[in-house]
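As they're listed, the protein sequences go chains A and B.
Numbering follows UniProt numbering, in which position 42 of the first sequence is assigned residue number 42; successive positions increment by one, without gaps.
Numbering follows UniProt numbering, in which position 73 of the second sequence is assigned residue number 73; successive positions increment by one, without gaps.
Rather than coming from a laboratory, the hints here were simulated on the basis of the structure.
Glycine is no exception: its CB is placed at the ideal position from the N, C-alpha and C atoms.
Residues from chain A shown here face chain B by an in silico Cβ test under 8 angstroms; the list is partial:
no.	residue
1	GLY16
2	ALA17
3	THR24
4	LEU28
5	ASP44
6	ILE71
7	LEU85
8	ILE86
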Amino acid sequence: MTILAHVFTLLAVTAGALLFLAGTIGLLRFPDTLSRLHALSKADNLGLALIVLGLLPQAASLTDGLKLILIWLLAQLSAATASQLIAGSLNRRKSGP
Amino acid sequence: MADVFTAAALAILAATAFGLFRVLRSRIAVERMMAVQLLGTGGVAALLLLGAASGVAATSDAALLLMLFAAFSCAAFTRGEEDTPDEDPQPTKEKT
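Isolated chain A (complex conformation) (with noise of 0.2 angstroms):
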């Protein structure tokens, strides 16, 4: 049983690597901030995910999985919102006269 566990989580976290890669490529590659926030914010939120996805059979006890769980929603719901501030921010800048 623990071989399928770590055979699992290092495909997980193989695939979250990738992903922040992928990240970090849409950001160099994308034209203009806009595209570079959403490739920002997408891959890396999905990177960690996979990560804290592989971490899970890994985690010592019951609470620290819940933690982990917990860092990944904290994650994603502060993604969510500073990218919708800063895409606010952002189009208020341009709507200006």
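Mind docking chain B on chain A? Use the hints.
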């Protein structure tokens, strides 16, 4: 298993460093603000991985704090930016 986590954490930190280099160099203030978001997420992931690799449970608390600070700084930036927009003709009106 621990060295896999460390390698993944280093890869994520390298990717985040690349992104930071690009974002911090741009002139647009909003893009520089995204560096905080990038550092928050990347830093949290690396911290969690290193915590799992080293077995220290306290790193997840540090990761939680880092995420909180990234969220607050983004909110503070956009809140502050609303009070003194460059093109607002009557800045004194907001001060009452």
